[in-house]
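Residue numbers (UniProt numbering): 1 to 375.
Since the hints were derived computationally from the structure, they do not count as laboratory data.
Note that the structure is predicted; figures quoted are calculated from it, not measured.
C-beta: ideal position from N, C-alpha, C; glycine also.
There may be inaccurate statements among the hints.
What the hints assert, rightly or not - DMTMM-like cross-link-like pairs, simulated, lysine to aspartate or glutamate; straight-line CA separation at most 20 Å:
1) K85 x E211
2) K338 x D317
3) K49 x E211
4) K47 x D317
5) K47 x E323
6) K85 x D63
7) K181 x E351
8) K181 x E195
9) K49 x E351
10) K322 x E351
11) K338 x E218
12) K181 x D138
13) K85 x E218
14) K322 x D183
15) K322 x D344
16) K85 x D59
17) K49 x E323
Claimed, not checked - Listed next, with one range per pair, are the computed distances between beta-carbon atoms:
18) G135 x A196: 19 to 25 Å
19) V65 x V247: 45 to 51 Å
20) A117 x E218: 14 to 20 Å
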Amino acid sequence: MLVAHHHVKNAHAGCNALSAILQREFWILSGRRLFRSVIFNCIPCYKLKATISQPLMGDLPPDRVRAIRPFAGVGTDFAGPFLVKSSNIRNARSHKAYLCVFVCLSTKAVHLELVSALSTEAFLATLGRFVSRRGLPDLIRSDCGTNYKGTDRYLKEVVEFLSSHRSYLGNAMSKRSIQWKFDPPACPHWGGIFEAVVKVAKTHLRRVIGEAILTFEELATVFCKIEAVLNSRPLCPLSSDPNDLEVLTPGHFLIGQPLNALPEYPFRETSASRLSRFALLQQMTQSFWRRWSLEYLHLLQQRVKWSDRTEPPRVGDLVLIKEPNALPLYWRRGRIVKLSYGADGVPRVAEVLVGDSVLQRAVATLSRLPIYSRT
Numbered sequence: 001m002l003v004a005h006h007h008v009k010n011a012h013a014g015c016n017a018l019s020a021i022l023q024r025e026f027w028i029l030s031g032r033r034l035f036r037s038v039i040f041n042c043i044p045c046y047k048l049k050a051t052i053s054q055p056l057m058g059d060l061p062p063d064r065v066r067a068i069r070p071f072a073g074v075g076t077d078f079a080g081p082f083l084v085k086s087s088n089i090r091n092a093r094s095h096k097a098y099l100c101v102f103v104c105l106s107t108k109a110v111h112l113e114l115v116s117a118l119s120t121e122a123f124l125a126t127l128g129r130f131v132s133r134r135g136l137p138d139l140i141r142s143d144c145g146t147n148y149k150g151t152d153r154y155l156k157e158v159v160e161f162l163s164s165h166r167s168y169l170g171n172a173m174s175k176r177s178i179q180w181k182f183d184p185p186a187c188p189h190w191g192g193i194f195e196a197v198v199k200v201a202k203t204h205l206r207r208v209i210g211e212a213i214l215t216f217e218e219l220a221t222v223f224c225k226i227e228a229v230l231n232s233r234p235l236c237p238l239s240s241d242p243n244d245l246e247v248l249t250p251g252h253f254l255i256g257q258p259l260n261a262l263p264e265y266p267f268r269e270t271s272a273s274r275l276s277r278f279a280l281l282q283q284m285t286q287s288f289w290r291r292w293s294l295e296y297l298h299l300l301q302q303r304v305k306w307s308d309r310t311e312p313p314r315v316g317d318l319v320l321i322k323e324p325n326a327l328p329l330y331w332r333r334g335r336i337v338k339l340s341y342g343a344d345g346v347p348r349v350a351e352v353l354v355g356d357s358v359l360q361r362a363v364a365t366l367s368r369l370p371i372y373s374r375t
């Protein structure tokens, strides 16, 4: 109490200042350890230098490591806005347009679409074009954008409507529903695979068009060319085999098999001279997936960060919620009321009570205050 009183009285003085002040009147055994403990447990001092404790890096979800057809599981995100003009005439009016990115979660293949607005209707039309060209996905991952939420609600209503009718068409279509998974709010690192594609696509776009304003058709053409570049990037380093002159890219998987492929005989071990043209094509396709499993999958097992174990948060902890555009002193304070755990048993998402509302945030964006009132 004495040290805490002098710490607050002297404008939250540091360890050296407290030592100099108190040693004029008192001789405190293990003083520096006590001073540091008092300063660490001081809430105003902690809020000025609040740190985020990162949980252990979790395993990749199953849709990232399964050998399934391209775009069976996708992540989607938006980028922009970009200015487009109505025509090439002088003084033509310009308006905003956006880039919608679809990324295959298993092969990193990319599909780019130009969108006229950030609305549920515009995204539904974009999703329809994507499905017509790439096939119906089983899973879509995205952030919590309002256009994504609206699309998810619409698709659920359609599936419920079709499920309520017992016709053949209704039964056939209701079985082909899309599972939609949303990342927690304010957690872009949860969708790193499609956030990285957005970054690379915008880099290519700035280098190609610079400050020029294109028409809608011209910008759509540029996006198609950027899509071809992204689908030609290597997934893993070139092998050390001198006879292997081709690197594995997402483009190998886009034309590797039809959307509804039949079971195939394993042609990998058969001599190419004994195969028909069709069997030779199947052998090439299977070699792509073999290289994918041998060369690319092991790269996903690397843990380059978040490798230290930290004390996990618990229900009832008082925490600060990290705000990207605010100083730690102005971060909102709340109490954890619920935790969601990953497959490895590590808490990943927390529901935090702030005032009268409950916010969902990733554990990596919370800073636990040094108040230990656990039972």
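Going down the list of hints, with the structure as the test:
1. K85 x E211: It holds: about 13 Å lies between the C-alpha atoms, which stays within 20 Å.
2. K338 x D317: holds, 10 Å
3. K49 x E211: violated, 41 Å
4. K47 x D317: OK: K47 and D317 at ~15 Å, within 20 Å.
5. K47 x E323: holds, 13 Å
6. K85 x D63: violated, 39 Å
7. K181 x E351: At roughly 17 Å apart (the allowed maximum being 20 Å), E351 and K181 satisfy the hint.
8. K181 x E195: Holds: K181 and E195 sit about 16 Å apart, inside 20 Å.
9. K49 x E351: violated, 23 Å
10. K322 x E351: Holds: K322 and E351 sit about 14 Å apart, inside 20 Å.
11. K338 x E218: violated, 49 Å
12. K181 x D138: The hint holds at about 11 Å.
13. K85 x E218: Within the cut-off at roughly 10 Å; holds.
14. K322 x D183: With Cα atoms ~17 Å apart, K322 and D183 stay inside 20 Å; holds.
15. K322 x D344: violated, 24 Å
16. K85 x D59: violated, 45 Å
17. K49 x E323: Given that 20 Å is the threshold and the Cα spacing comes to 14 Å, the pair holds.
18. G135 x A196: 19 to 25 Å: holds, 23 Å
19. V65 x V247: 45 to 51 Å: The hinted range 45 to 51 Å is violated for V65 and V247, with Cβ atoms some 20 Å apart.
20. A117 x E218: 14 to 20 Å: holds, 19 Å
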